[in-house]
Amino acid sequence: MIINSRFFNRSELIGFIALAALLFVILPLSLDVFRLNLVAKYLTYAFVAIGLVLCWGYGGILSLGQGVFFGLGGYCMAMFLKLEASSVENTKIQSTPGIPDFMDWNQITALPFFWQPFHSLTLTILLIILVPGLFALIIGTAMFKRRVGGTYFAIITQAVAAILTILIVGQQGYTGGINGMTDLRTLKGWDIRPDHAKVILYFFEVFLLFGCILLAQFIRLTKLGRILVAMREQEDRVRFSGYSVANFKIFAFCMAAVFAAIGGAMFALNVGFMSPSFVGIVPSIEMVIYTAVGGRMSIFGAVWGAMLVNFAKTSLSESFPQLWLFGLGALFIAVVLAFPNGLSGLWADYVQPRIDRLLASRKSKMSNGADSSVAAGAPAE
Amino acid sequence: MALLPRVAFGAGPATSAVNTTGLAVTDTEVTVGILHSATGTMAISETGSIQAEKLAIEQINAMGGVLGRKIKVIQEDGASDWPTFAEKAKKLLVNDKVASIMGCWTSASRKAVLPVMEQYNGMLYYPTFYEGLEQSKNVIYTGQEATQQILAGIDWITKEKNAKSFYFIGSDYIWPRTSNKIARKHIENFLKLKVVGEEYFPLGSTQFNSVINKIKLTKPDVIFTDVVGGSNVAFYKQLKAAGIDLSKQALLTISVTEDEIDGIGGENIAGAYACMKYFQSLKNDNNEKFVAAFKKMWGDKTVIGDVTQAAYLGPWLWKATVEKAGSFDVDKVAAASPGIEFKGAPEGYVRIHENHHLWSKTRVGRAKLDGQFELVFETADLVQPDPFPKGYQ
Numbered sequence: 001m002i003i004n005s006r007f008f009n010r011s012e013l014i015g016f017i018a019l020a021a022l023l024f025v026i027l028p029l030s031l032d033v034f035r036l037n038l039v040a041k042y043l044t045y046a047f048v049a050i051g052l053v054l055c056w057g058y059g060g061i062l063s064l065g066q067g068v069f070f071g072l073g074g075y076c077m078a079m080f081l082k083l084e085a086s087s088v089e090n091t092k093i094q095s096t097p098g099i100p101d102f103m104d105w106n107q108i109t110a111l112p113f114f115w116q117p118f119h120s121l122t123l124t125i126l127l128i129i130l131v132p133g134l135f136a137l138i139i140g141t142a143m144f145k146r147r148v149g150g151t152y153f154a155i156i157t158q159a160v161a162a163i164l165t166i167l168i169v170g171q172q173g174y175t176g177g178i179n180g181m182t183d184l185r186t187l188k189g190w191d192i193r194p195d196h197a198k199v200i201l202y203f204f205e206v207f208l209l210f211g212c213i214l215l216a217q218f219i220r221l222t223k224l225g226r227i228l229v230a231m232r233e234q235e236d237r238v239r240f241s242g243y244s245v246a247n248f249k250i251f252a253f254c255m256a257a258v259f260a261a262i263g264g265a266m267f268a269l270n271v272g273f274m275s276p277s278f279v280g281i282v283p284s285i286e287m288v289i290y291t292a293v294g295g296r297m298s299i300f301g302a303v304w305g306a307m308l309v310n311f312a313k314t315s316l317s318e319s320f321p322q323l324w325l326f327g328l329g330a331l332f333i334a335v336v337l338a339f340p341n342g343l344s345g346l347w348a349d350y351v352q353p354r355i356d357r358l359l360a361s362r363k364s365k366m367s368n369g370a371d372s373s374v375a376a377g378a379p380a381e
Numbered sequence: 382m383a384l385l386p387r388v389a390f391g392a393g394p395a396t397s398a399v400n401t402t403g404l405a406v407t408d409t410e411v412t413v414g415i416l417h418s419a420t421g422t423m424a425i426s427e428t429g430s431i432q433a434e435k436l437a438i439e440q441i442n443a444m445g446g447v448l449g450r451k452i453k454v455i456q457e458d459g460a461s462d463w464p465t466f467a468e469k470a471k472k473l474l475v476n477d478k479v480a481s482i483m484g485c486w487t488s489a490s491r492k493a494v495l496p497v498m499e500q501y502n503g504m505l506y507y508p509t510f511y512e513g514l515e516q517s518k519n520v521i522y523t524g525q526e527a528t529q530q531i532l533a534g535i536d537w538i539t540k541e542k543n544a545k546s547f548y549f550i551g552s553d554y555i556w557p558r559t560s561n562k563i564a565r566k567h568i569e570n571f572l573k574l575k576v577v578g579e580e581y582f583p584l585g586s587t588q589f590n591s592v593i594n595k596i597k598l599t600k601p602d603v604i605f606t607d608v609v610g611g612s613n614v615a616f617y618k619q620l621k622a623a624g625i626d627l628s629k630q631a632l633l634t635i636s637v638t639e640d641e642i643d644g645i646g647g648e649n650i651a652g653a654y655a656c657m658k659y660f661q662s663l664k665n666d667n668n669e670k671f672v673a674a675f676k677k678m679w680g681d682k683t684v685i686g687d688v689t690q691a692a693y694l695g696p697w698l699w700k701a702t703v704e705k706a707g708s709f710d711v712d713k714v715a716a717a718s719p720g721i722e723f724k725g726a727p728e729g730y731v732r733i734h735e736n737h738h739l740w741s742k743t744r745v746g747r748a749k750l751d752g753q754f755e756l757v758f759e760t761a762d763l764v765q766p767d768p769f770p771k772g773y774q
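Heads up: the protein sequence lines correspond to chains A and B, in order. Each residue of the first sequence is one higher than the one before, counting from 1 in this note's numbering. Each residue of the second sequence is one higher than the one before, counting from 382 in this note's numbering.
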């Protein structure tokens, strides 16, 4: 196994420390709980974006259906929370107490069988990983084994997103339909709504995020990561070298799905809400945009992209309730036209060289040419 | 502005007395939030509500505001997206400390906002007619709940058309399903008549030919519809194209207001009956003044539907409640709400019930070619709101 002698090169280390300082220290100290909770919401998309860096940036598999996995993870979590919020005591006003309110509105009188596992937190956590993972495995196997890729794959993932939305909306008695699952209150008796709970959830999420960042970085640096990049550049050569291209693609796709699902679960916890509007085509494309804005070759870029785009969304819509969507659209067009490698590309092209020069002039002994980061040196497609 | 009579703000009672919970109230100003979709698919429906609320607030300010304080508005965009509604509601309550929020439209957005209102103790004035099965200390429902809107209308059309059979067509979500459930129980259990069909279509659906064929086969005396939004345009056009003449076939809708007819076209729906509490064509002094002021502020071409009128009530009811309570505190406003009257309502006199819904009349109008309704029936008395109707669940 070839692993780079250093886990992070210097520019990545700077990025890592900067992000850690921002998320662990600067934001919690400078923001009130409401804004911090918003950051927690933005960061749930960062999980998806990291998955997309692996699968799209490195593996070259563009998935326009990450909302599906975000949604599956989110719904698993929401189902657990909803069951806990629907205790007999809380729902005694219903015709059938003890089941979620939307089931009662739809004349369902008993909890359906597939809701039963969500009484248990352990099972729920397993399912948050397993359901999207298996679903991605099935889609991935069906597509990649048949060598369906590129645009066709992107279109199929999009169709899956549309199908799942229709399914959730149509089966409103079992899923809450277009309303989604609202009014989620407690996690194992611990109220997730007050301010101190929001702060704890924020830190929990940031820890998980760094876990995912390190995992993604590890995958990137192993031989596996190299094969992914090779596959993106010259699929046939990799295949002729004896690798099973399909299996590597399936793996990358499954990893991206699991990351997205973790994001979704964190979303349900932090926002206290899950609805089909996070599953469909539009949110799925937005998730790709976060990654593109941040730079699809850079794990840290993806996190920044998810945060900045969502921050722009919030602040633009607060300042210009009627016009903000146009502003956001313009921002996307500008980023894609002017900086195809996103923010991290911008950093690598303009900021990093200056820092390097500054450092080089101070410590001329240290060389930094041998270990150019993939983020900085990635070829444009 | 110099031409307007100058209203001096700041003559009201001391801020410390009327605001004990840290709301955004100063000696001269009180902040109120407006939270509707200004963008996205719902913008077409919710714009009327925003306009009505702004009109009411402007009129209240011209009269001297609330407790001597000018109402300042912070408007947020829910963007037709339910979680965004929840986020913005939270922002209005936590960051801006608004004294009340006029907002939400769809049931989904209200369901998303409700936990936020209850957690942070806000006051929401919700304008849309809706399915009921809800009651909250933190919400005043200025539209009708389902039994209020439907029952009197069904009774009237049964008598008028000597109807024996009904056919239900709705969009597939909670409001049509609950409304139809109530309508079915009423028709089957109380009137002892028949419902010969019940069909649902996904939101945004534009293909109604299959159900129109079934209608032609079963020949129901009354078609009862709660199809919402853009689907209405396709539905009424296809109905007309299939040769169903609404001057002969009775159709009662609870989801088409003047706003929807704008899109459907008067020629496609003329003759249909709509059942709600307000029509723009109502003849009374309040309404004539309201329609004139609305058109002056927002242009001659605007139409005013049921929900727009209900949205107009929100700021007025809140003002009356605050003045009765002598305080902006949400707890006191919530407690003072039952019994609050508004005599200047365009729909006529309304009063807040203990369950935070409004007593209001139910009316049936018949759609005309020009997109307005002609009033054909109204209940003699105010109908009591009953969000948890016994025998209908």
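Incorrect hints may have been included.
To be verified - Chain B residues, not near chain A, derived (Cβ > 10 Å throughout):
(1) 405
(2) 456
(3) 469
(4) 475
(5) 492
(6) 512
(7) 514
(8) 558
(9) 583
(10) 624
(11) 729
(12) 732
(13) 742
Said to hold, decoys possible - Okay, derived cross-link-like pairs now, BS3-like style, lysine-lysine, Cα gap no bigger than 30 Å in a straight line:
(14) 562(B) / 198(A)
(15) 621(B) / 435(B)
(16) 478(B) / 313(A)
(17) 749(B) / 451(B)
(18) 677(B) / 771(B)
(19) 453(B) / 92(A)
(20) 451(B) / 92(A)
(21) 677(B) / 41(A)
(22) 188(A) / 435(B)
(23) 562(B) / 313(A)
(24) 518(B) / 540(B)
(25) 771(B) / 92(A)
(26) 713(B) / 724(B)
Because the hints were derived from the structure by calculation, they are not lab data. Because the structure is a prediction, the values reported are computed rather than measured. Glycine residues also receive a C-beta, built at the ideal position from the N, C-alpha and C atoms.
Going through the hints against the structure:
{"no.": "1", "hint": "405", "verdict": "holds (15 Å)"}
{"no.": "2", "hint": "456", "verdict": "violated (5 Å)"}
{"no.": "3", "hint": "469", "verdict": "violated (8 Å)"}
{"no.": "4", "hint": "475", "verdict": "violated (4 Å)"}
{"no.": "5", "hint": "492", "verdict": "violated (5 Å)"}
{"no.": "6", "hint": "512", "verdict": "violated (8 Å)"}
{"no.": "7", "hint": "514", "verdict": "violated (6 Å)"}
{"no.": "8", "hint": "558", "verdict": "violated (7 Å)"}
{"no.": "9", "hint": "583", "verdict": "violated (7 Å)"}
{"no.": "10", "hint": "624", "verdict": "holds (31 Å)"}
{"no.": "11", "hint": "729", "verdict": "holds (32 Å)"}
{"no.": "12", "hint": "732", "verdict": "holds (25 Å)"}
{"no.": "13", "hint": "742", "verdict": "holds (27 Å)"}
{"no.": "14", "hint": "562(B) / 198(A)", "verdict": "violated (39 Å)"}
{"no.": "15", "hint": "621(B) / 435(B)", "verdict": "violated (38 Å)"}
{"no.": "16", "hint": "478(B) / 313(A)", "verdict": "holds (22 Å)"}
{"no.": "17", "hint": "749(B) / 451(B)", "verdict": "violated (41 Å)"}
{"no.": "18", "hint": "677(B) / 771(B)", "verdict": "violated (44 Å)"}
{"no.": "19", "hint": "453(B) / 92(A)", "verdict": "violated (40 Å)"}
{"no.": "20", "hint": "451(B) / 92(A)", "verdict": "violated (43 Å)"}
{"no.": "21", "hint": "677(B) / 41(A)", "verdict": "violated (42 Å)"}
{"no.": "22", "hint": "188(A) / 435(B)", "verdict": "violated (44 Å)"}
{"no.": "23", "hint": "562(B) / 313(A)", "verdict": "violated (40 Å)"}
{"no.": "24", "hint": "518(B) / 540(B)", "verdict": "violated (38 Å)"}
{"no.": "25", "hint": "771(B) / 92(A)", "verdict": "holds (15 Å)"}
{"no.": "26", "hint": "713(B) / 724(B)", "verdict": "holds (22 Å)"}
Figure legend: structure checked against the earlier numbered hints; hints not met, in rising order: 2, 3, 4, 5, 6, 7, 8, 9, 14, 15, 17, 18, 19, 20, 21, 22, 23 and 24.
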